[in-house]
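Visitor: Single-letter residue listing:
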Amino acid sequence: MPDSPTPTSVPADHPFRRKGRSTDGLFRAFFAGNAGLTIVILVLIIVFLVREGAGFFPDYRKELVLYRKAGLEFVDLSRKDLTAHEQMSSLLNRAYYAQVNAACRTEFQRSQEVSAVISYVSDAVAPAQSALERVQERAGEEGVPKELQDSLSAKYKELLAAALAGKPGEGLPPTPHLSSEERRQLLSELEARDPLSSDDPPLVVALQEQLSAKQEQASAPLADFRAAIDAFADASLDLDTLVAETGDTVKATKEAATLHEIEIEKRATLLKAAASAKTEEAKAQFETEARESVTTEPVEFKTALQPVLDRTPDFKAANAALAAALAEVQRKLPASLEDPKAGRYLSAFRKAAGEYERELSDTVPAMAAWKHDAPVGLGSTIMGFITGRDWITGGEWQDFYGIVPLFTGSLLIAVIALSLAIPLGVGAAIYTNQLAGPGEQKFIKPTIEFLQAIPSVVLGFLGIAVLGTILQETSMKDAFSWVPGFPIQQRLNMFTAGCLLGLMAIPTIFSLSEDALNNVPSAFAEASDALGASKLQTIFRVVLPAAISGILAAVLLGLGRVIGETMVVLLVAGNRIEIPDFTEGLGVFFQPAHTLTGIIAQELGEVPFGSVHYRALFVVGMILFAIVLSINWTAQRLLHKFRIGHD
Amino acid sequence: MENPEQLLRKGVHHEALKQGAVKAVLGGMAWGVVLIALLIFGRICWDGAPVLLKPEFPFVDTAFLTEKTETLHVFDDASGTRHSLPASEYHGWVEKHGAESIFNETTYSYSGGGIAGPIVGTALLTLLSIVLALFFGVSAAIYLSEYAKDGAFIRWVRLAILNLAGVPSIVFGLFGFAVFVLAAPVFTDTPSERSLLAIPLGFTWFSFQGWNSSLIAGSATLACMILPVIITASEESLKAVPQGFREASLALGATRWHTIRKCVLPFALPGILTSSILSLARAAGETAPIMFTVAVAAKDDFPWEGATGPLGVLQSQVQALPYHIYTLAARIPSSDYTQRAQYGSVFVFLLMIFLFSTVSIILRNRVRSKLKW
Amino acid sequence: MRNHIRFTAASLVAGALLAATAGAQTISIKGSDTLGAKLVPQLAESFKSKNPGVKFEIAAEGSSTAFPALANGTAQIGMSSRKAKPEEITAARAKGIKLKEVEACHDMIVVIVNKGNPLKKLTKDQVAKIFTGQVKDWSEVGGTPGPISIYTRNTSSGTYKDWQTLAMKGRNYAGGSQKLAGNEQIAQEVAKNKNGIGYVGLAYAKSSGVHDVSIDGVEPVASNAKKYAYSRACYYYIPENAEATAKSFLDFAVGSEGQKIAQRLGFVPN
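Chains as they are written, first to last, in this note's numbering: chain A, 1 to 647; chain B, 1 to 373; chain C, 1 to 270.
Among the hints, erroneous ones may be present.
Computed cross-link-like contacts, PhoX-like style, restricted to lysine-lysine with a CA-CA straight-line distance of at most 25 Å [stated by the list, open to error]:
id : chain 1 : residue 1 : chain 2 : residue 2
1  : B       : Lys23     : A       : Lys445
2  : A       : Lys341    : A       : Lys351
3  : C       : Lys85     : A       : Lys272
4  : A       : Lys302    : A       : Lys80
Read the hints as simulated data drawn from the structure, not as lab findings.
Bound-form chain A, shown alone (with noise of 0.2 Å):
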């Protein structure tokens, strides 16, 4: 920056200076303090931040004291051992059906292609076909007006006609496994099927009787592996119930205790409300009211516990059944199945059996190391907001905030964005500010400038209405089948919202290093033209590395507003708050995720002020403050002290 300009060249103690001086230092006073506003907002900024998100440990610590007092926590022991068997016995499912499944893939591309037909011929009769239905439920006792019926019936004719006489491809799904003779059937039949009635027909009902014998036929020589799979799942009928016995005890414990809170609370609010009352009247019927809102006992958490605590022996045997089984099924599994997804599942089933067995062998122990009494402390409360991989809230057990899988999902989010910008926006300021004509610099310039300005909210839309939907019909087609991830699932995901957001990351990537690569002193490339370099040469081995540090900052920045970008991932990320399954490899781009900055602006307006879940936001939204704010000073730390040519 060029030293700003001070314009004193008159002395201080002239006399030209002294008329008006008093005023004149008001104005000085008046100026500088409306620059210090700056510095007040910024403070404010911090000191709203830190004083809503304060609060937020201590109150998610009484939390989870509660969560361990009124032990939930001893019960969600076992319903950890619970969900993993659940994990595990889904994985056989999916195993078995596959197998079975890979036998009939032609009855369910058979029976598909005909539902696809139905819905095609229902959806293009649906405007008379409710209409008949809606006059025949208006009719009543009169029946139905003969010219209207016949107005409707003869619309709904036409319709079907026009639906039916399609050729395949120009509107009527293609068939391409069944016969033309079923075809021909299959439309004749829903010529002839009565408007009114909704069953299927004859011919859905005999491909689906064809499926089910296929199934029948397939699963026939996987009887045992079925018989297993079964006694497998059944094991866990015991804990099963044990923990939604227990479970339902230590709830209305924590029920009891929090209802006994909120109407201590109760009094102490309406006894204020009765001090500050202002007649007589009102305030006599608060102070009745507060007499009368306390009607519970404080809860004794020990006896409450213990009718919980004395069936651990049953948990220990439910525990116990369960690593059996285990054991069992492993010896019953089949060595291999040929299909390779199934083989895929029953692999993963392996694989996750001997992480499983330890998950379960480590209950016992933690059952019986478990006190109801331990403390929670800040640190290991502090350390679960950020290690924790739950962000779970509005539930009836027990909300938990964990940051992990908001900020993973920010970061696949920036890192598809940048990938997206970097190469694209530093490309164009190459492109723009060494190679291109003046006339294409006057073309390019602007219109990128111009993607800059389109607001972000309009991007989200776009990327709802338009992007998503062009990516997954793109996906769906066969020519991209290679593509780890795709078929794309889920409209709204990370990919696309990363394709916006790169989009909004390209323009400040572009302008900046374009004027890094402008700041470099015009010596440097005429020493190296005159060296006789080629332009591709001074482009690459001088001109390049001399703006690094510019073209980095620009980064840096691109990255800090495509982190601390709202509305695009609210609209577009798909809000999932997990993990994602990075085991899909690269496909774990097109899978959903929720953000740092999405679940602000999805959760701030619904929750009730001062609230653990409201603390959370906040916290959240401090996190965001300091991760944006260290990128931009780096940033800026950067441009200042790598500058070339200037100082």
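With chain A fixed as given, assemble chains B and C onto it according to the hints.
Guide: For chains B and C alone, kept in the frame of chain A given last:
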């Protein structure tokens, strides 16, 4: 052995080829970005422009801009003809033809009528926030360029400006919510429970309980957000005024303030105003800061209707275009009937933003060429 | 600091005048998206066509938003798809506002799947297993093979909590569920995802691209409201000392004409 001449030519040829390829790749990137930008703009125009245009004279259909937002009713009549009517016309239609002649009705919230409410809301919001930001921002810039000497205070101010410029918009939303909505001071007869500090004044209370979700809270939030941009732009414009102007004025015995008022500000003002139009575009375009501080999804009356006095307007919540688009994008499924509202709003919004940006760029160039010292 | 004084002074003036002004003839309604996205706007439009001059302001961001707004006096009527919690009632009471509960209509939460999904029926148990994430593939419940994608409302919604109680025995949603802003959005996403499943209010079950699923053999249609597993009542909340216009609007909403509109939109009248 090959002819060295040939070798050289071959090398040159090779080099030229490489250069061409690299140039093509880089050019492809640049033009690719341009193409994407044009595609986006084209798509919005393609679907959005028809909302504002009509085939016969005067070719512009202002109904979309002047009507309020309504529910859209889509239904068939007895003869199977499809109608899509906004609620106001729909009720008339029902009265005329009877409810029995309506079939297959579907309704789309916020998709009928026009977007007068959001336009007015956004206009008020941006206007108010730019006024606030200009007042404080220009004053701060005057201090920075005319009075300040290097020192700790100035360093802090510059650091604050730099950092404020990078704060994510959602954090401004949180800040505005916590400060303006929940904690800003008001006079009230009954201090709210959430009041941070209530000072009794005898006849009333001075209570820090916030302005609720209101126009003033939203504008203040947006003003904080664009303040750094305005300060930086204003400072640049002030510094562009030649030193001689000030020296001449001071030499004639004018006070510092007089000098600034008569000899600096008038010359810097065009520059300040044009660059602030750019921040106007930013203030109009942001959604996250206004989500919790001012915006509502549906509102029947304009802010001044039913409000008591000009300050009732400040106190009212408004619809805003970006929030309206968010509502349409997040809650209303796209279908043939909602396209008009969705793309129409987006088109109008973009038009507005681009108008601001273009005007500011053109003005900036004119100011630059005009004020050459 | 000088600027601080100015700032305070400016806000003082603004604040003083803000505080002096009173609420206008506008009825402000806040709360549930289930009621507020379609039903209440149409009730309001119909009410307006009979009582010109009345204005409405409707914000439908979820049931939990209704009660703070009522307590702060920023809304005259609250919409909720669940009963108010005791602490919410108390919070309003402490500010001198006694809330009256009015049953708006009944609603059935309908499970929807993609139109291309041949699955027509599920049991309560299967639904619970799907939404808690125990079942991850359609083949496990007898459908066409494919990984299940779950779409739910977000946490501010009354439906989100009702569903947890009604269908999931209070257990947590599967981690893989996607939380969307409203019924319409769920219907739209399920329509775009052939392996999608979600739940919506009955009014939204007829959206294009999706079809509903019968639960334990009971079709989700209005006439089955009593038998259907996932039925619930929706409520309006109004302060006892509310203005006459707000009261008369509520009377209209629960009166025969209002209920007719509710029925037309797919709600079940009281």
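Visitor: Going through the numbered hints above, which ones does this structure break? Give me the numbers in ascending order.
Guide: The structure conflicts with no hint, since it agrees with every one listed earlier.
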